[in-house]
Amino acid sequence: MTRLGDLERAVMDVLWDTVPATSNGVTVREVADALAGRELAYTTVMTVLDRLAGKGMVQREREGRAWRYRAAASREAHIAQLMLDALDLGGSRDAALVRFARSVTGTEADVLRAALAAEAGLASGSTGQSGDGPGGGLTDRVEAPPADRASRPGLADEAAER
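As numbered in this note's numbering, residues 1 to 162 make up the sequence shown, in order.
One thing to keep in mind: the hints can contain errors.
Below, simulated SDA-like cross-link-like pairs (lysine to any residue); rule was C-alpha separation at most 20 Å, straight line [stated by the list, open to error]:
id : residue 1 : residue 2
1  : 55        : 70
2  : 55        : 37
3  : 55        : 7
4  : 55        : 79
5  : 55        : 91
6  : 55        : 78
7  : 55        : 9
8  : 55        : 84
9  : 55        : 33
10 : 55        : 80
11 : 55        : 44
12 : 55        : 8
13 : 55        : 81
14 : 55        : 25
15 : 55        : 26
16 : 55        : 95
17 : 55        : 75
18 : 55        : 83
19 : 55        : 38
20 : 55        : 74
21 : 55        : 43
22 : 55        : 10
23 : 55        : 86
24 : 55        : 5
25 : 55        : 36
26 : 55        : 13
27 : 55        : 102
28 : 55        : 77
29 : 55        : 4
30 : 55        : 98
31 : 55        : 107
32 : 55        : 68
33 : 55        : 39
Simulated from the structure, these hints should not be mistaken for laboratory data. Keep in mind the model is a prediction, meaning the values are calculated, not measured.
From just these sequences and the hints, can you work out the full model?
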């Protein structure tokens, strides 16, 4: 997944912050209005949204002569993919994971433990949705990562080339 430039990130923040997943999306004008403090030309916002659509970051749907845009994935899914991509940069994935785990706060560690416990419960056939303790219902809020690298878009081809 490509990292976002400053302007792309600002546009995505508008989509993530103002467009519910069930919405039909927003127009270029609505995004430009939300970014009014940046004094961007309408055509600049239109170009950024078009490029984000080309990258698969946004979905668009024709409405009359205009397009309506919405994020293709949640902010959390995007961040999780960036983290997975960072692990693929080389070196030891295990060492990077251990270093990351040592750098999180106690509360963040509790969230990770609960998510891992819920995932383990789902893998063993339990629903993991009891609601008891900090992990109950976490899978409703956080998308589970793919089971293996081959199931991640773009990585199956990369793995086959190696």
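Do the hints match the structure? See the list:
{"no.": "1", "hint": "55 with 70", "in the structure": "holds (13 Å)"}
{"no.": "2", "hint": "55 with 37", "in the structure": "violated (26 Å)"}
{"no.": "3", "hint": "55 with 7", "in the structure": "holds (15 Å)"}
{"no.": "4", "hint": "55 with 79", "in the structure": "holds (16 Å)"}
{"no.": "5", "hint": "55 with 91", "in the structure": "violated (27 Å)"}
{"no.": "6", "hint": "55 with 78", "in the structure": "holds (13 Å)"}
{"no.": "7", "hint": "55 with 9", "in the structure": "holds (13 Å)"}
{"no.": "8", "hint": "55 with 84", "in the structure": "holds (18 Å)"}
{"no.": "9", "hint": "55 with 33", "in the structure": "violated (23 Å)"}
{"no.": "10", "hint": "55 with 80", "in the structure": "holds (17 Å)"}
{"no.": "11", "hint": "55 with 44", "in the structure": "holds (17 Å)"}
{"no.": "12", "hint": "55 with 8", "in the structure": "holds (11 Å)"}
{"no.": "13", "hint": "55 with 81", "in the structure": "holds (14 Å)"}
{"no.": "14", "hint": "55 with 25", "in the structure": "holds (17 Å)"}
{"no.": "15", "hint": "55 with 26", "in the structure": "holds (18 Å)"}
{"no.": "16", "hint": "55 with 95", "in the structure": "violated (31 Å)"}
{"no.": "17", "hint": "55 with 75", "in the structure": "holds (15 Å)"}
{"no.": "18", "hint": "55 with 83", "in the structure": "holds (18 Å)"}
{"no.": "19", "hint": "55 with 38", "in the structure": "violated (23 Å)"}
{"no.": "20", "hint": "55 with 74", "in the structure": "holds (15 Å)"}
{"no.": "21", "hint": "55 with 43", "in the structure": "holds (18 Å)"}
{"no.": "22", "hint": "55 with 10", "in the structure": "holds (16 Å)"}
{"no.": "23", "hint": "55 with 86", "in the structure": "holds (18 Å)"}
{"no.": "24", "hint": "55 with 5", "in the structure": "holds (13 Å)"}
{"no.": "25", "hint": "55 with 36", "in the structure": "violated (24 Å)"}
{"no.": "26", "hint": "55 with 13", "in the structure": "holds (16 Å)"}
{"no.": "27", "hint": "55 with 102", "in the structure": "violated (34 Å)"}
{"no.": "28", "hint": "55 with 77", "in the structure": "holds (15 Å)"}
{"no.": "29", "hint": "55 with 4", "in the structure": "holds (10 Å)"}
{"no.": "30", "hint": "55 with 98", "in the structure": "violated (31 Å)"}
{"no.": "31", "hint": "55 with 107", "in the structure": "violated (34 Å)"}
{"no.": "32", "hint": "55 with 68", "in the structure": "holds (16 Å)"}
{"no.": "33", "hint": "55 with 39", "in the structure": "violated (24 Å)"}
Checked against the numbered hints above, the structure violates hints 2, 5, 9, 16, 19, 25, 27, 30, 31 and 33; every other hint is satisfied.
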